[in-house]
Amino acid sequence: MAIAVHNLIEGYLIAFPLYIGLHSRAKAFALAAILGGLSQPLGAVLGWFILRKVASMGWQVSATGAIYAIVAGMMSSIVVNGMWPQAIKCVGRNPTKVVQYCFFAGIAVMGICQTVMGKQCDF
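Plus 3 on top of the position in the sequence shown (first one is 1) and you've got the numbering used here.
Every clue listed holds true.
Derived Cβ-Cβ restraints for the label pairs, each shown as a range: (1) Trp62 - Asn84: 26 to 34 Å; (2) Met4 - Arg96: 30 to 38 Å; (3) Gly95 - Ser59: 51 to 59 Å; (4) Phe106 - Ala5: 15 to 23 Å; (5) Ile91 - Val119: 26 to 34 Å.
Simulated from the structure, these hints should not be mistaken for lab results. For each residue, glycine too, the CB sits at the ideal point set by N, CA and C.
Using the sequences and the accompanying hints, generate a full structural model.
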């Protein structure tokens with residue numbers, strides 16, 4: 004259910020600016036379906052080809068670690084440069100403390116959930 008809700012919101016966020024720019028619901032819907040629907044399978048195929056080549060050279064472990072590090076860096080950059088400042092703007096009084104408390108509460112909840120579920124971070 005969560006993935007379905009995520010996909011609906013993602014589709015809307017892709018289609019709405021296209022609709023504003025193109026002034027056509029059909030074109031916006033078609034482009035959003037293509038951009039949102041094909042980006043993940045195309046990325047998976049591209050990644051498979053790259054990792055297949057890397058694995059044949061014996062660099063699979065290093066490449067996997069590098070990919071994790073790159074993705075973690077991109078996600079951290081999005082949080083620090085985009086989501087964190089936006090969260091501070093959206094909170095009314097004393098925004099920095101509220102955002103900081105909620106940020107660390109989220110980290111604590113994730114740690115507790117991983118501990119309770121027995122998830123370990125050793126790959």
